[in-house]
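Peer 1: Please arrange chain E on chain B, whose structure you already have, making use of the hints.
There are 2 protein chains.
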Amino acid sequence: MQVASAQPRVNPGRLRQALEQLSVYGRPTGGTFADGVSRVAYSDADLAGRNYAMQRLRDADLQPRIDAAGNILAVRPGKDPSLKPILFGSHIDSVPAGGNFDGDLGSMAALEIMLTLRQNAISTRHPLQLVFWSNEEGGLVGSRAAVGELSPGDLSRVAVSGFTLAQGIARIGGDPARIAEARLGPSPFHCYLELHIEQGGTLAKAGIPIGVVEGIVSIDEYNVEIRGFANHAGTTPMPERRNALLAAARLIDAVQEVVTRQPGRQVGTVGRLQVFPNAPNVVPGLVKHTIELRDLSPDRIAALGQEIRRRSDSIARATNTEIVITQVEHDPPAVATPAIQSAIEKAAANLGLRTMRLPSGAGHDAQMMARLGSMGMIFVPSVGGISHSPREFTAWQDCAQGADVLLHTILALDQS
Amino acid sequence: MQVASAQPRVNPGRLRQALEQLSVYGRPTGGTFADGVSRVAYSDADLAGRNYAMQRLRDADLQPRIDAAGNILAVRPGKDPSLKPILFGSHIDSVPAGGNFDGDLGSMAALEIMLTLRQNAISTRHPLQLVFWSNEEGGLVGSRAAVGELSPGDLSRVAVSGFTLAQGIARIGGDPARIAEARLGPSPFHCYLELHIEQGGTLAKAGIPIGVVEGIVSIDEYNVEIRGFANHAGTTPMPERRNALLAAARLIDAVQEVVTRQPGRQVGTVGRLQVFPNAPNVVPGLVKHTIELRDLSPDRIAALGQEIRRRSDSIARATNTEIVITQVEHDPPAVATPAIQSAIEKAAANLGLRTMRLPSGAGHDAQMMARLGSMGMIFVPSVGGISHSPREFTAWQDCAQGADVLLHTILALDQS
Chain B
1 MQVASAQPRV NPGRLRQALE QLSVYGRPTG GTFADGVSRV AYSDADLAGR NYAMQRLRDA
61 DLQPRIDAAG NILAVRPGKD PSLKPILFGS HIDSVPAGGN FDGDLGSMAA LEIMLTLRQN
121 AISTRHPLQL VFWSNEEGGL VGSRAAVGEL SPGDLSRVAV SGFTLAQGIA RIGGDPARIA
181 EARLGPSPFH CYLELHIEQG GTLAKAGIPI GVVEGIVSID EYNVEIRGFA NHAGTTPMPE
241 RRNALLAAAR LIDAVQEVVT RQPGRQVGTV GRLQVFPNAP NVVPGLVKHT IELRDLSPDR
301 IAALGQEIRR RSDSIARATN TEIVITQVEH DPPAVATPAI QSAIEKAAAN LGLRTMRLPS
361 GAGHDAQMMA RLGSMGMIFV PSVGGISHSP REFTAWQDCA QGADVLLHTI LALDQS
Chain E
1 MQVASAQPRV NPGRLRQALE QLSVYGRPTG GTFADGVSRV AYSDADLAGR NYAMQRLRDA
61 DLQPRIDAAG NILAVRPGKD PSLKPILFGS HIDSVPAGGN FDGDLGSMAA LEIMLTLRQN
121 AISTRHPLQL VFWSNEEGGL VGSRAAVGEL SPGDLSRVAV SGFTLAQGIA RIGGDPARIA
181 EARLGPSPFH CYLELHIEQG GTLAKAGIPI GVVEGIVSID EYNVEIRGFA NHAGTTPMPE
241 RRNALLAAAR LIDAVQEVVT RQPGRQVGTV GRLQVFPNAP NVVPGLVKHT IELRDLSPDR
301 IAALGQEIRR RSDSIARATN TEIVITQVEH DPPAVATPAI QSAIEKAAAN LGLRTMRLPS
361 GAGHDAQMMA RLGSMGMIFV PSVGGISHSP REFTAWQDCA QGADVLLHTI LALDQS
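So the sequence lines, in the order shown, correspond to chains B and E.
Numbered according to this note's numbering, the first sequence spans residues 1 to 416.
Numbered according to this note's numbering, the second sequence spans residues 1 to 416.
If you are wondering where the hints come from, they were derived from the structure by calculation, not from laboratory data.
Any given hint might turn out to be false.
Copies of the same chain look alike in the list, so a pair counts if it works inside one copy or between any two.
Distance condition first, Cα-Cα at most 25 Å in a straight line; then the derived SDA-like pairs of lysine to any residue [what the hints assert, rightly or not]:
#1 K288 <-> M238
#2 K346 <-> Q274
#3 K288 <-> I315
#4 K288 <-> Q17
#5 K84 <-> Q415
#6 K288 <-> Y222
#7 K288 <-> Q274
#8 K346 <-> S38
#9 K79 <-> P8
#10 K205 <-> M238
#11 K79 <-> P64
#12 K205 <-> A318
#13 K346 <-> P8
#14 K288 <-> D253
#15 K205 <-> N320
#16 K79 <-> L372
#17 K288 <-> R272
#18 K205 <-> N281
#19 K205 <-> R317
#20 K205 <-> E240
#21 K205 <-> R242
#22 K346 <-> W396
#23 K288 <-> R391
#24 K84 <-> T260
This is chain B alone, in the form it adopts within the complex (with noise of 0.2 Å):
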């Protein structure tokens, strides 16, 4: 394609060597890039890599500060300083034991569009805002901030790292007690954009170097409790056992069935599970379990959850067992605004790069600034789909090529 020589490019080394130096920062002692890393937010990891993310960017002639949320925030001034302006990155923190591309690829290619810039002298209408979200692992902690939907409650909860989040976002250099300040106000940008690993397989397989997100999906999460009545192993004939344990795992199988009969991305998981009392020997009198439904589409999910009671019912009566069902979060979808799905469409076309529409099964900060804004998130492919793992890559091609297609994506919507 004649159009793949469109200018300007990031500079693929510098965008690896930035992500491997960051890599330090939490790795496994005596461990290499491939042992990933826990840079859990609040931890001294999570610091020492924030503060390596802030010199680069004071390098980069960059003035980050620091928002009373613990966010990390640059900005390149435009030439129309009437234009709210792009807002694009995404997060350092990491799970534990999580992997090197989760967020820092999205981190670290903003900064390097920001030098690929500087390096070309090219300046934007509107002011180009840098962003690296606190906590995003936690909870979308720092971005949760910023749409003031972090309440005092939140700030008492322990985080995984130990800290509450007030003492988290106090050592990260933020002010809990401040924190309504990090509240960003009303139509605060003009667009926001996320470059991200995908974290599941479906680009990898179709071999396809470009996502395009659809949305976010929407979550229902429901707890489950199942009573049966514990009783001895030995002596209770199977007639006359009410097994907690019996009705749970033909639940479980429902849920799969019940999600996979149509066709479609929906995905629902038993994720966690507690028998009780637990012994070899006793007929599990109480099994308390959670169902996750994800789907583009709330109704859908409902559906779903609906399909999932019947079944429910017939079950219990099977196993003469009681199952209740109660649902304990309904997150909306989050759905990308579909100019912005165009800007990445085109914005990779130009650049001679394959692209997918597809829904992000994950949560991101992004979700958090489409209730603000325009908001668009780019995906690269994640390699077997690994994530949240020390396994999880990205080819470095693939990050330069998503590094490219926000870049461009960026000047295409300067210019509406």
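Peer 2: Just chain E, lined up with the frame of chain B:
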């Protein structure tokens, strides 16, 4: 029936009083008899209950002694000192939050029989030896020592009380350093008899007051490890998942199906199960669970185990997981001596009581004694089949009838 006036008879009121008096040791604070008991072996409650039982033996002019394993033994001499004793009894330790009949009934009935014989001035040919085994619920510890199978390694094991077996045995007046002295010699008794609650619902459902135990079931226990791949529940499409909990669910249902599809009293239980990482938003990557199979026939449960293995192979293929099943325990069955089963039936018939033969699905000290000589067990109905629970109950009339059958079985076997 004319035979229903067979003499002698135990004193039902005195037996009930003994059970009620014993029940206060380990009773929940502020509770009543209906609140059950936690008389865990080696606990303060166990010590207090043992002191009460010892005092009752002394009041009956029996001279109780404590052997090196902490078993309480008392002998009533017979007319022929050359004959071996008839050994009978049970245990008075309980599970945490247990009931007032499991073990207590057989123990207090043994005492009541001694009192009844004295009151009726009946002498037996054989010495009568009463035993309250120590720490039955913790793995037949006292009776295991009596057959010489308690190893030094066992002694360092931590019991439910928090004490090691060695510490606990010392607490209750045994001598762990001389544990070998608790071992009984060859052919140590004429026969061993034990009255116990059924702990299942078979007798209660059939409306039959006396169960003649055919034997104590064989137990095969397996550990199952199901290895899938933990991945993000939002981003991993259903067809790409290697869901260890889905595989476990199907295996649990397969165990139920394999065990119940043929007639018989065999039972199969998945009682303990753990999920890793056990988070609502992560596809389970690893599940560990137990499978326990019980039947009088070891061949039958071996065949069930084979069939479950076969099912696991196809489940592993269908779910793209690896299922590793390891047998960790094989307890052989302990068959009750046929002549003793007949003697129990005759004794019951003479008392006008209907009987049925049934296996014991639970383990008992009697299975240890079966290795040393003739053994028989008498079951009485458990209301609702409930045991190892404060709700464990056996009608007082059933308790007294069981004690009468034990008494008359002793008297009959004394003549053999």
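Peer 1: Could you check the structure against the hints above and give me the numbers of any it violates, in ascending order?
Peer 2: 2, 4, 8 and 24
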